[in-house]
Amino acid sequence: MAKTIKRLHQIVICFACFLANGIIFGFLNSYGFVYQYIIDSNEYGFENIATIASLLGSLKLCVLFVFGIFSNIIIRKLGYQKATLMGASISLASLLVCSYSPNVKMLFLTYGVLHSIGSSLLFISSLSIIFYHFKKRVGLATGISTLGSPTFTMIFPFFLRNYIENYGIHSYFALEGIIYSSLLFCAVIWTVKSESNIHLNANGEEKVIFHPTSSLDQKIEISKPSRWNIFKSSYLKILQNRKYVIWLFAMKLVFFSCPIPFIFTVSNIV
3 MAKTIKRLHQ IVICFACFLA NGIIFGFLNS YGFVYQYIID SNEYGFENIA TIASLLGSLK
63 LCVLFVFGIF SNIIIRKLGY QKATLMGASI SLASLLVCSY SPNVKMLFLT YGVLHSIGSS
123 LLFISSLSII FYHFKKRVGL ATGISTLGSP TFTMIFPFFL RNYIENYGIH SYFALEGIIY
183 SSLLFCAVIW TVKSESNIHL NANGEEKVIF HPTSSLDQKI EISKPSRWNI FKSSYLKILQ
243 NRKYVIWLFA MKLVFFSCPI PFIFTVSNIV
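Going by our numbering, the first residue of the sequence shown is number 3, and it counts up by one from there.
These are computed hints drawn from the structure, not numbers from a lab.
Please note that a few of the clues may not be correct.
[Claimed, not checked] As a list, the in silico SDA-like pairs of lysine to any residue whose alpha-carbon atoms are at most 20 Å apart:
1) Lys79 to Ile92
2) Lys84 to Lys245
3) Lys107 to Ser173
4) Lys239 to Phe257
5) Lys84 to Val190
6) Lys8 to Leu142
7) Lys107 to Glu45
8) Lys8 to Val194
9) Lys5 to Val140
10) Lys84 to Asn74
11) Lys137 to Phe17
12) Lys79 to Ile191
13) Lys137 to Pro152
14) Lys137 to Thr148
15) Lys84 to Lys137
16) Lys84 to Phe72
17) Lys107 to Ala95
18) Lys107 to Leu63
19) Lys84 to Ile191
20) Lys245 to Phe257
21) Lys107 to Ile54
22) Lys138 to Leu149
23) Lys138 to Val194
24) Lys8 to Lys245
25) Lys107 to Ile92
26) Lys138 to Ile13
27) Lys138 to Arg9
28) Lys107 to Arg9
29) Lys254 to Asn31
[Claimed, not checked] Cβ pair distances, simulated, as ranges:
30) Asn243 to Glu49: 42 to 50 Å
31) Gly145 to Ile248: 23 to 31 Å
32) Phe72 to Val256: 21 to 29 Å
33) Phe110 to Phe187: 41 to 49 Å
34) His11 to Gly47: 52 to 60 Å
35) Thr193 to Ala52: 39 to 47 Å
36) Asn50 to Thr153: 46 to 54 Å
37) Leu255 to Gly70: 18 to 26 Å
38) Phe160 to Lys239: 45 to 53 Å
39) Asn168 to Val140: 39 to 47 Å
Quick caveat, the model's predicted, so the values are computed rather than measured.
Idealized CB from N, CA, C, for every residue including glycine.
Put together the whole structure using the sequences plus the hints.
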């Protein structure tokens, strides 16, 4: 019976990660509809409205990934449930402000920064929570969870385009907020079994020992550098690997072109 409950918990966690990835990137990759609406409406008569709309989309994407560094710290300090609740609350609050006052300048703060910070907390949580509940099937679980992004990206445009054209950007942000509210469900599901013992060894490293929730998994021991020896940790040695550094900068260049189709192809759709 206990094994069945654990398996069901793993399935629900995987589904919640699938849902979180799908909603976050489904709306992010559908930003082209917001971009086109801002240009067509141009309520305040900006001459460079296309540039402003593009910068808003770029800021939204940039903050989502850059804040991931701080999201990891927040998750470690507060735990998954509190961090997830914080992320969902920030996203919902920012979307609520957007739905009542979709001023283009205000959107840079609410939709571009605050909403992306909340989404980053949810996104990073959905990626890392998998490793606490899966070991032998971690690849399959990660694949299922990240599958939410292309799935929702394929589905959302079919109704979001007509919705924003018929009801306007106010209702669009309200709809996004309603859908985002379902991610509060993740704050209940994403739990980590607290069976860890932390102590410092002779080298000044934190040694964390925990038991994954899967009955098939064995006890895992992870060594993490303490805050005082972070610059001496072995993680920095990866930067000495030339192949990794080349791959890292190549991925940065890829991101210069990756968002372009999601934003500009919408204007060419008949």
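Quick rundown of the hints versus the structure:
1. The suggested pairing of Lys79 with Ile92 holds, with an alpha-carbon distance near 18 Å, which does not exceed 20 Å.
2. A threshold of 20 Å between alpha carbons decides the hint, and for Lys84 with Lys245 the separation of about 38 Å lies outside it, so the pair is violated.
3. Distance restraint check for Lys107 and Ser173: the Cα-Cα separation of roughly 18 Å lies within the 20 Å cut-off, and the hinted pair is therefore satisfied.
4. Note on Lys239 and Phe257: the hinted pairing is violated, with a Cα-Cα distance of about 25 Å set against a maximum of 20 Å.
5. Between Lys84 and Val190, the direct Cα distance comes to roughly 10 Å. Compliance with the 20 Å bound is thereby established for this hinted pair.
6. This hinted pair checks out: Lys8 and Leu142 have alpha carbons roughly 17 Å apart, not beyond 20 Å.
7. A C-alpha spacing of about 12 Å is found between Lys107 and Glu45, which places the hinted pair at or below 20 Å, so the restraint holds.
8. Annotation: proposed proximity of Lys8 to Val194 holds, straight-line Cα distance about 12 Å (limit 20 Å).
9. A distance of roughly 18 Å separates the Cα atoms of Lys5 and Val140; the hinted pair therefore holds under the 20 Å criterion.
10. Annotation: proposed proximity of Lys84 to Asn74 holds, straight-line Cα distance about 13 Å (limit 20 Å).
11. Between Lys137 and Phe17 the CA atoms are separated by roughly 17 Å; this keeps the pair inside 20 Å, and the hint holds.
12. Distance check on the hinted pair: Lys79 and Ile191 sit about 18 Å apart at the alpha-carbon level, within 20 Å; holds.
13. As the CA atoms of Lys137 and Pro152 are separated by approximately 24 Å, the hinted pair breaks the 20 Å bound.
14. A hinted pair counts as satisfied when its Cα atoms are at most 20 Å apart, and Lys137 with Thr148 qualifies at roughly 17 Å.
15. For the suggested pair Lys84 and Lys137, the alpha carbons sit about 24 Å apart, so the restraint of at most 20 Å is broken.
16. As the CA atoms of Lys84 and Phe72 are separated by approximately 15 Å, the hinted pair is consistent with the 20 Å bound.
17. Taken as a hint, the Lys107 and Ala95 pair is honoured in the structure, with Cα atoms around 17 Å apart against an allowance of 20 Å.
18. At most 20 Å may separate the alpha-carbon atoms for a hinted pair to count; Lys107 and Leu63 meet this at roughly 17 Å.
19. Simply put, Lys84 and Ile191 have alpha-carbon atoms about 12 Å apart, close enough for the 20 Å limit, and the pair holds.
20. As the CA atoms of Lys245 and Phe257 are separated by approximately 19 Å, the hinted pair is consistent with the 20 Å bound.
21. Taking the CA atoms of Lys107 and Ile54, the gap is near 9 Å; set against the 20 Å cutoff, the hint holds.
22. A threshold of 20 Å between alpha carbons decides the hint, and for Lys138 with Leu149 the separation of about 19 Å falls inside it, so the pair holds.
23. For a cut-off of 20 Å, the pair hint linking Lys138 to Val194 stands: about 18 Å separates their Cα positions.
24. With a C-alpha separation of about 40 Å, the suggested pairing of Lys8 with Lys245 is violated against the 20 Å cut-off.
25. Among the hinted pairs, Lys107 with Ile92 is consistent with the structure: their alpha-carbon atoms are about 19 Å apart, no more than 20 Å.
26. Restraint check for Lys138 and Ile13: satisfied, since their Cα atoms lie roughly 14 Å apart, inside the 20 Å limit.
27. Under the criterion of a C-alpha separation no larger than 20 Å, the hint pairing Lys138 with Arg9 is consistent with the structure, at around 13 Å.
28. In summary, the hint linking Lys107 to Arg9 is not supported, as the alpha carbons are separated by about 47 Å, beyond the 20 Å threshold.
29. Restraint check for Lys254 and Asn31: satisfied, since their Cα atoms lie roughly 18 Å apart, inside the 20 Å limit.
30. For the hinted restraint 42 to 50 Å between Asn243 and Glu49, the CB-CB distance of approximately 48 Å keeps it satisfied.
31. Between Gly145 and Ile248 the beta carbons are some 26 Å apart, a value that agrees with the proposed interval 23 to 31 Å.
32. Taken as a hint, the range 21 to 29 Å holds for the pair Phe72 and Val256, whose Cβ atoms sit roughly 23 Å apart.
33. Hint check: Phe110 to Phe187, Cβ distance near 30 Å, so the stated range 41 to 49 Å is violated.
34. Separation of His11 from Gly47 is about 54 Å and conforms to the stated range, judged on CB atoms against 52 to 60 Å.
35. As the Cβ distance of Thr193 to Ala52 is approximately 45 Å, the hint placing it in 39 to 47 Å holds.
36. The supplied range of 46 to 54 Å is broken by Asn50 and Thr153, whose beta-carbon atoms lie about 35 Å from each other.
37. A hinted range of 18 to 26 Å holds for the C-beta pair Leu255 and Gly70, which are about 19 Å apart.
38. Between Phe160 and Lys239 the C-beta distance comes to about 48 Å, which sits within the given range of 45 to 53 Å.
39. A hinted range of 39 to 47 Å for the beta carbons of Asn168 and Val140 is consistent with their spacing of about 43 Å.
Hint check: violations occur at hints 2, 4, 13, 15, 24, 28, 33 and 36; the rest are consistent with the structure.
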